[in-house]
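K.L.:
Residue strings, one per chain:
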Amino acid sequence: MLLIRCPYCGLRDESEFSCGGEADIARPLEPEKLSDAEWADYVFMRTNTKGRFKEQWVHTHGCGRWFTLVRHTVSHEHGETGVFGGVAPEADG
Amino acid sequence: MSGPQFRLSAGGRIDRAAALGFSFNGESFTGYAGDTLASALLAYGAFPLARSFKYHRPRGIYAAGAEEPNALVQLESGARSQPNLRATQIELYSGLNASSVNAWPSVDFDLMRVNDWLSPLFPSGFYYKTFMGAGIGTGRWWKLFEPFIRRAAGFGRAPAGPDPDRYERMNAHCDVLVVGGGPAGLSAALAAANRGSRVILADEQAEPGGDLLAGDRGIDGAPAMDWTATAMETLGAAPDVTVLTRTTVAGLYDDNFATALESVGERFGPDAPAHLPRLRLWRIRARQIVLATGAHERPYAFANNDTPGVMLGNAVRHYAGRYAVVPGRQVLLGTNNDSAYRTALLLAQAGIAVTLADARESPPAALAEAVRSAGIVLETGCAITAVAGDRRIRGAKIAPVRADGEIAGSPRPVDADLVGVSGGWNPALHLASHRGARPVWNEAPACFVPDDLSALGVRVAGAVTGAGALAECLEQGYAAGRDAARAAGRTKRIRKPVLKTDDGAAGAPIRPLWAVAGRRPGDRRGKAFVDLQNDVTAKDVALAARENYRSVEHLKRYTTLGMGTDQGKTANVTGLALMGMETGRSPDAVGTTTFRPPYTPIPFGALAGRDRGALFDPVRETPMFDWHAANGAVFEDVGQWKRPYAYRRAGESLEQAIDREVSAVRNAVGIMDASTLGKIDLKGPDVVTLLNRVYTNDWETLKVGRARYGLMCHEDGMIFDDGVTARLADDHYVMTTTTGNAATVLNWLELWLQTEWPDLRVFATSVTEAWATATVAGPEARKLVSDLDGDIDWSDEAFPHMAIRNGAILGAPARIFRVSFSGEASYEINVPAHYGLALWQALIGGGATPYGTEAMHVLRAEKGFIIVGQETDGTVTPQDVGMGWAVSKRKDFIGKRSYSRPDTARPDRKHLVGLLPLDSGTVLPEGGQIVNDPSQEPPVTMLGHVTSSYRSPSLNGGFALALLKNGRNRTGDTVHVLKLDEGADAARVVDPVFYDRDGGRLRG
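In order, the protein sequence lines correspond to chains A and B.
Sequential numbering from 1 applies to the first sequence in the numbering used here.
Sequential numbering from 1 applies to the second sequence in the numbering used here.
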């Protein structure tokens, strides 16, 4: 079980979090201008990285905030976190 | 059974003043406090107490710890019974009652022994070759024989009833977790504790000491157990040290999370004090871990090496030294390394006749001199080739052997009734392996050791590293404990202890030896077992190699080597080394299978802990729950909620109750507890923008005081929730969701608000439990609510359909939605939760009939209203269910672009339709597949399925909603719905709205 550093709350057990898959899948600003293939790529396709992978996680049983986490998909080593749309406060722990 | 004649008259760590009576296979025995079941039984001799898995050969106790492959027993009976426990790890208690497993009808006379005599017919892969392969053709034979084979292979029996015991779970954190309480582990714990670390020391035995418990080692000129006692005192006095005895660390996981199983009440048996749980599962998060897990002795194989009385050499030492039991008068020890010399000396001191056969030509001179002067017969350059006997040993043979294990001279007989065999040591690297350690072959001790894990905060110390000398174990333990503490941030400097051990002069290297003969197809000397638990012989490994199952993973699956409850603790390395010999590879080129948690089996009860029965999952009840329960409600689970399914009156069937409730709503007035609907409070200037993006329809035009139905879809265009959202003020809305999806919808909104649109100023708050909701529906609904004490103008003009009003009812602040899921005029009255019961009772007092979820389902289905999750399953668009009217053409929203994808835009997708059975007495089966022609030869063309089906008192017959391919263009057609068993019901395709199609009753 991973020990994840929530940017808002500090170190917490993985069981408090949910993984939301690949991070930085931006919603197209003008979907109607996309081809079917481009739209399908946005909706259905995700990279299946072997190695360091940027994911989005949410501290479900905690602060409820989404953040990004870089995790190695083979070794589970993880570290670098990031926040959406702002700056995280100083987290303790 | 004669008395405990094999108990030595003195010595051991048993309490001879505390005699304990117990029974095994119905016979009575006596042991002492401090015994295990195994040691107490061995005091009566090395008799058979188990039958082997495949051949049903008699087996006896083989080891002294967790690695025991043979002595699996069923402990206690009835609901408390536990199968397949290792007799070597069961602490004896008064009245203990155990029996053999895998013996039929009894361990002394087992009919399945026929498998042994017929064994040429049962080679490795027998079942697959015979029953699955092409030889007999189809799997027909397997079906015929499987029940017999499964019974014949059974291990233990499941308990007879629900587990009456209690299990606990404990969470703990520490700087340093030390696994193993032998010399290395104690040394590590002392070093870490001295630095001021928070330490947890877990040891699987009743008392720490590990190898020192045999009692024949010395530290600083005193018995080593004196040092252990002092160490335990020091740790006990340290402020932040927790010592967990009888605690097996079962698994290590990411970021140094460990699970450990502590035996608490179990050692007292069924009469354990009531306040004690049987087992306690520890969940430990450690900054740093020291693994001092020791090593398991491995045997080498020889003919009939499974005869009861053949044991691991070091097990013989431990039974003699710790339990004062030597189950033989003449002991033959076979070894290829130094460790058996201590065993020989300990036995000789106890007055036992010992022959020591060392496969090495020149053992260390000091050891040879020591054993010879103790009167031990030392045979060098010789290995055990066979033992004679079936149920007990009647002699053995030794002979010189070549490097490949083949016999190099004529075997000589040796008188023996107990045989101890040592083929070297396998570090217990299971836990290191859980953390990703790669086993590395180490030539000198001829064993696999874990590679370096210190970057992950895991260190190894003691015999797990391949270390043999006590001084080395103490040194490594100290260094690992010190380094772990430092890595955990404890930098206090401490003085390194200097300890003098009795290791003696430097020893001689091991001579690797895996199997003595027994590998060639023509060898008739008797089976030479590699894996005792799975009855895998040296010959089986050779066969696997010949048939090209050479990868270690194939070897395992083809022969079953290393499977079962012991997971090959004594067998794996020998098996893969033999495979290496067969295929000309070194053991590390063969490689190892992966160790996975748990290290030893964990009962399900311990994993479940208190999460069982009523505590398995939270139960959510509405404020009106007690009233429902007192008034005949039959409940159904919707998510975690308990919702009334129907209210049964005396003498009424469930169907009659549902009919009565439906009729009450259609003809008078009914009330339903709708408190479980999800309610999300939305506040902020950008709520309308959010609604426009997450709902398929348009929200710009919704005025304050009005409500609107909306469909929510994923980006793939498929419906995932629906509900009514009302505008309370310019920047204040309340969204309702389906009962089961409340949390999911809130998470969905938060996902988008936080990750994609952080610029939107919206607060979303769950207020589901803040409100109690009563839905009042029916032609007399308005009359009923108008009679309530309050300040609301209920007239149709002042309070039309799809309007909301705030006011006071019965003195409580109320929020009322005039919306309808039944097709009747309907008011959803929300009051603060603690007023819910009062509101409910007032409505009942006014003459309303309570109705449950099933009547609600019938009412809404008659109107063709969908239920998300029933009519939809993640593959259904709004257009599919005929709700294209709720999909905006003007704006973008989540999912919109998907409606122009070719598959989503197809005109012949599955559409929501109504079905009327041609025989109105029929209720079509929900989930039933729809076909055009039920007599079509398979594969039958499937056209869709029935999503909802009920009997309607209003329609006086069965009716259904269904998803049917091209359904909207098939109105009037007859289709057939397959039944689960056989046959089909014919039904006509109709419009999905069965009742009040123009909606006049809504405004009633």
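Everything labelled a hint here was simulated from the structure, so no lab data went into it.
A quick note: this is a predicted structure, and the numbers were derived from the prediction, not measured.
The beta-carbon is built from N, C-alpha and C at its ideal position, and this holds for glycine as well.
There could be a bad hint or two in this list.
Selected chain B positions facing chain A (in silico; Cβ < 10 Å) [claimed, not checked]: (1) Tyr253; (2) Asp255; (3) His275; (4) Leu276; (5) Gly436; (6) Asp452; (7) Ser454; (8) Leu456; (9) Asn548; (10) Glu756; (11) Trp757; (12) Asp759; (13) Asp791; (14) Ser888; (15) Lys896.
K.L.:
Under 10 Å, Cβ to Cβ, is where Glu756 (chain B) needs to be relative to chain A, so tell me if that hint holds or is violated.
P.N.:
Cβ of Glu756 (chain B) sits 5 Å from chain A, so the hint holds.
K.L.:
Interface hint check: Ser454 (chain B), Cβ to nearest Cβ on chain A, cutoff 10 Å. Holds or violated?
P.N.:
Violated: closest Cβ of chain A sits about 15 Å from Ser454 (chain B), beyond 10 Å.
K.L.:
Using Cβ atoms only, decide whether Asn548 (chain B) comes closer than 10 Å to chain A, and label the hint accordingly.
P.N.:
violated (30 Å)
K.L.:
So, His275 (chain B) near chain A? Judge it on the closest CB pair being under 10 Å.
P.N.:
violated (29 Å)
K.L.:
Would the stated hint for Trp757 (chain B) survive a check requiring a Cβ distance to chain A of less than 10 Å?
P.N.:
holds (9 Å)
K.L.:
Report holds or violated for the interface hint on Lys896 (chain B), using the least CB-CB distance to chain A and a cut-off of 10 Å.
P.N.:
At about 7 Å, which falls below the 10 Å cut-off, the nearest Cβ of chain A leaves the hint on Lys896 (chain B) intact, so it holds.
K.L.:
Using Cβ atoms only, decide whether Ser888 (chain B) comes closer than 10 Å to chain A, and label the hint accordingly.
P.N.:
violated (13 Å)
K.L.:
Minimum Cβ distance from Asp255 (chain B) to chain A below 10 Å?
P.N.:
holds (4 Å)
K.L.:
For the hint on Asp791 (chain B), just tell me whether its beta-carbon gets within less than 10 Å of chain A.
P.N.:
violated (38 Å)
K.L.:
Would the hint on Leu276 (chain B) stand, with a C-beta cut-off of 10 Å toward chain A?
P.N.:
At 27 Å from the nearest chain A Cβ, Leu276 (chain B) fails the 10 Å test, so the hint is violated.
K.L.:
Using 10 Å as the Cβ threshold, decide whether Gly436 (chain B) counts as touching chain A.
P.N.:
Holds: closest Cβ of chain A sits about 7 Å from Gly436 (chain B), inside 10 Å.
K.L.:
Is the interface hint for Asp759 (chain B) satisfied, with its Cβ closer than 10 Å to some Cβ of chain A?
P.N.:
Holds, because the Cβ-Cβ distance from Asp759 (chain B) to chain A comes to roughly 7 Å (cut-off 10 Å).
In terms of the numbered hints stated before, the structure departs from hints 3, 4, 6, 7, 9, 13, 14, listed from lowest to highest.
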